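Below, each chain spelled out in residue letters.
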Amino acid sequence: MDQHTNMAALLAACLGGGPVAGLRRLTGGASLETWIFQHAGETRILRRRAGNAASVLVDSLPLATEAALLLAAASAGVVVPNLIHLCTPEEGLGEAYIMAYVAGETLGRKIVMGADFAEGRNTLAYQCGSALARIHAIAPDSVPSLATLDAAETLSHYQQIHRSIGGARPVLEAAFQYLSARVPAQVTPQLLHGDFRTGNLMIAPDCAPTPGLVAVLDWELSHLGDPAEDIGWLCVNSWRFGAADFVVGGFGHLHDLLPGYQHAGGTPPPLARIRFWHMLGSLKWAVMCEMMFSAFATGADRSMERAAIGRRVSECEADLLVLMEQGL
Amino acid sequence: MTDATSSIMTHPTAAELLEAVMEWLAESQPTRQGRDAYLALVARNALATVLRELQQGPAMVSGSANRLSDLLNMQAEPAELRDMLIEQIRTGKIAANNPALLVHLAAETKARLAIDQPKYKPAP
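Just so you know, the protein sequences line up as chains A and B, in that order. First residue of the first sequence? That's 1 in this note's numbering, and the numbers climb one at a time after it. First residue of the second sequence? That's 1 in this note's numbering, and the numbers climb one at a time after it.
These are calculated hints, taken from the structure and not from any lab test. Treat the numbers as computed from the prediction; the structure is a model and nothing was measured. Think of the CB as a built atom: it goes at the ideal place given N, C-alpha and C, for glycine as much as any other residue. Mixed in with the good hints, there may be bad ones.
[Stated by the list, open to error] Some but not every residue of chain B turned toward chain A, in silico, with C-beta under 7 Å: (1) 91; (2) 93; (3) 96; (4) 100; (5) 103; (6) 116.
Work out the full structure, taking the sequences as your base and the hints as a guide.
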């Protein structure tokens with residue numbers, strides 16, 4: 001049996017029988033794979049950790065935790081794919097879960113530029129604000145234990161990584177110093193998505209029955225922290241995909257997002273805190289690019305994409321300089 | 001256009017070789033689908049970056065060296081000057097938002113971005 005036939009048989013078994021068809025891999029680096037397939041008339045998605053590969057992003061969560069977060073988010077009224085099945089080791093698929101397929105678009109450029117999303121873009125920031133408020137309201141003790149990272153810890157964590165694996169980059173050094181001198185006061189840690197940005201949001205086009213935000217994906221960086229972190233992260237220019245004037249995700253503004261946040265029961269964080277986390281977000285993305293390049297350089301994931309992404313650090317540097325010149 | 005070694009290495013120059021491979025990747029793109037098509041685009045972008053670096057790299061390095069010498073008021077190898085600058089920022093000898101530092105870093109970053117991602121729009 002080839003790998004696909006074997007996997008299809010294992011999937012069918014853990015879904016209680018019935019044929020599995022059209023199994024193919026969608027994306028994935030060395031650590032996390034996403035597969036799509038048909039079963040019992042429905043399209044399903046398999047998320048699966050490759051056997052022995054170490055995760056490139058050191059902070060990513062076990063898939064069982066990710067599955068638990070999907071359930072908690074659904075109960076809190078956040079749009080997420082339905083969890084269909086959390087795989088057990090005996091089922092032979094490794095660390096994995098199966099979820100429903102949600103139709104829509106995740107490609108940033110299409111979402112921020114595409115004519116078929118033009119109408120939806122007007123309300124997308126508001127919808128994101130509502131979703132974030134609902135995520136932040138999830139009680140941390142209702143989900144598996146997550147790490148807590150405040151601003152100072154986040155800075156020192158990424159500074160340490162940068163100094164151990166990164167390049168000699170004066171701009172990043174200046175950004176670390178600048179932010180370290182401006183760490184905001186601590187707040188009660190709340191549940192954060194951790195990677196809430198264009199690219200990880202499934203958006204349905206204007207012609208769909210439910211246009212706009214239809215699923216919040218990729219919960220693998222979820223942790224506890226300052227709610228301003230999730231909002232600031234969505235403002236990082238790297239996911240505006242050329243629509244740089246639209247601070248929120250390339251499609252909206254904070255004055256659209258924050259009313260959505262408030263309307264869903266959240267207390268919007270002060271703009272100064274959001275701006276701090278926005279700048280720290282650009283710095284984090286620079287270090288994450290260094291981490292992904294490092295996976296290539298060390299041989300852990302010798303793929304062309306990992307090599308090429310190292311050259312995205314300069315985009316973060318350009319954005320960091322603008323933010324430092326404007327001041328926090 | 002001249003590039004890093006084109007005064008000696010010709011017929012073809014390194015840039016011409018790269019252009020030939022990039023043109024082949026572009027011409028054969030319709031034959032690829034799915035992940036292969038995506039990876040071929042990544043490959044073309046990577047080669048385009050190398051081509052720009054061949055062409056712009058020498059001026060970028062000498063510009064960087066001159067700016068660093070002016071900023072730190074001393075002469076040394078560019079990489080050595082850069083490491084000294086990092087050390088001064090790290091120890092607070094130069095404030096992270098020192099205006100002269102920011103002007104220097106903006107010039108550096110503009111030159112890097114012109115090689116890495118000329119179409120990237122920095123935050124307004």
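Quick rundown of the hints versus the structure:
{"no.": "1", "hint": "91", "in the structure": "violated, 9 Å"}
{"no.": "2", "hint": "93", "in the structure": "violated, 11 Å"}
{"no.": "3", "hint": "96", "in the structure": "holds, 4 Å"}
{"no.": "4", "hint": "100", "in the structure": "violated, 12 Å"}
{"no.": "5", "hint": "103", "in the structure": "violated, 10 Å"}
{"no.": "6", "hint": "116", "in the structure": "holds, 4 Å"}
Figure legend: structure checked against the earlier numbered hints; hints not met, in rising order: 1, 2, 4 and 5.
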